[in-house]
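*Asks:* Kindly generate the complete structure, drawing on both the sequences and the hints.
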Amino acid sequence: MSKRCIILNPRAGRGLAEQHRPALEHALHRAGLSFDLVTTHTDRGATTLASQAIEQGYRQIIAVGGDGTFHEVINGIFSSRGPRGGEREGVALGLVAMGTGNDFIKSLDGMKPGDISGTVRRLAEGRTRMIDVGRLTITTARGTSTRYLLNDLGIGIHALVAQEVLKLTRLRGAMVYAVAVLRALAVYRPRRMTVACEGHEISRKFFLVSAGNGRCQGAGFRLTPDALLDDGLLDLCLVGAVRLDEMIRYFPRVLKGTHTRLSPVRMLRTRRAVVESDTPMLVSSDGEVVATDAHRVEVEAIPQALELIV
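Counting in the working numbering, the sequence shown runs from 53 upward without gaps.
Keep in mind the hints are simulated off the structure, nothing from the lab.
Here are the computed distance ranges between Cβ atoms for each label pair:
#1 Gly-309 - Asp-88: 34 to 44 Å
#2 Gly-67 - Gly-251: 43 to 53 Å
#3 Glu-352 - Thr-221: 33 to 43 Å
#4 Gly-251 - Arg-194: 27 to 37 Å
The beta carbon of each residue, even a glycine, is placed where N, CA and C say it ideally should be.
*Replies:* Given below as structure tokens:
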């Protein structure tokens with residue numbers, strides 16, 4: 053029997069994950085599924101817990117929280133080594149979405165936020181699929197660091213929205229992102245960047261640069277509506293300098309994913325992309341701010357790298 057570790061972030065969804073903890077434990081016990089549950093109480097704590105769980109021999113890691121929790125857990129998985137020194141072989145990831153944005157699961161048919169019964173059913177059935185992840189290499193004046201992403205990379209207004217979300221501790225649900233977007237729009241100005249990928253190099257002022265493994269970012273904005281989790285590629289959404297009134301007018305189309313043919317928008321598909329700027333870049337990934345002063349960001353798809361319980 054596979055050892056199963058559940059990593060729960062009690063702060064996810066403004067406390068939603070902790071509220072649902074008793075129901076989740078009860079449902080797992082009723083289904084006869086064995087598990088050990090641990091909680092994270094510090095920033096990046098889920099990364100450490102996931103790495104430790106694999107080193108202790110757990111073969112199923114179940115993340116309970118939002119996109120940020122999932123981001124931390126996969127970084128723990130990809131930074132770990134198994135009990136015999138092998139890298140992550142036979143480790144499967146399960147997800148229970150109880151966050152604020154819950155963007156990643158929008159790319160997975162049949163999954164929805166807070167779906168405890170569905171989670172238990174998927175764990176009992178044990179079906180999995182292999183999906184891609186992204187490797188993110190960030191260079192600042194202090195040096196270079198590497199992270200892994202599950203859903204998306206954001207630079208520009210995208211990252212500023214993620215930063216504003218962290219400040220809005222008293223709001224919940226879609227209202228958090230609505231207020232964060234308005235705050236970001238009030239202060240953000242397009243920055244000059246150079247985006248290079250296979251056969252393309254574009255230097256201009258950008259309002260937004262996004263790379264998607266999944267389809268949605270920012271609590272439902274379909275920035276990369278045609279992205280696939282298992283094609284070995286990342287979808288890029290590049291939005292040039294636009295006026296505030298134009299951006300507000302485009303928002304309904306971004307929510308529907310019908311913005312891709314607008315004149316300020318450039319959509320590309322690539323295995324690897326590099327973004328550089330002479331001014332510090334704010335960078336987010338999976339809803340988390342991962343750098344505030346990057347000068348170079350490289351993102352690369354790693355095909356079929358993660359076994360996901362579906």
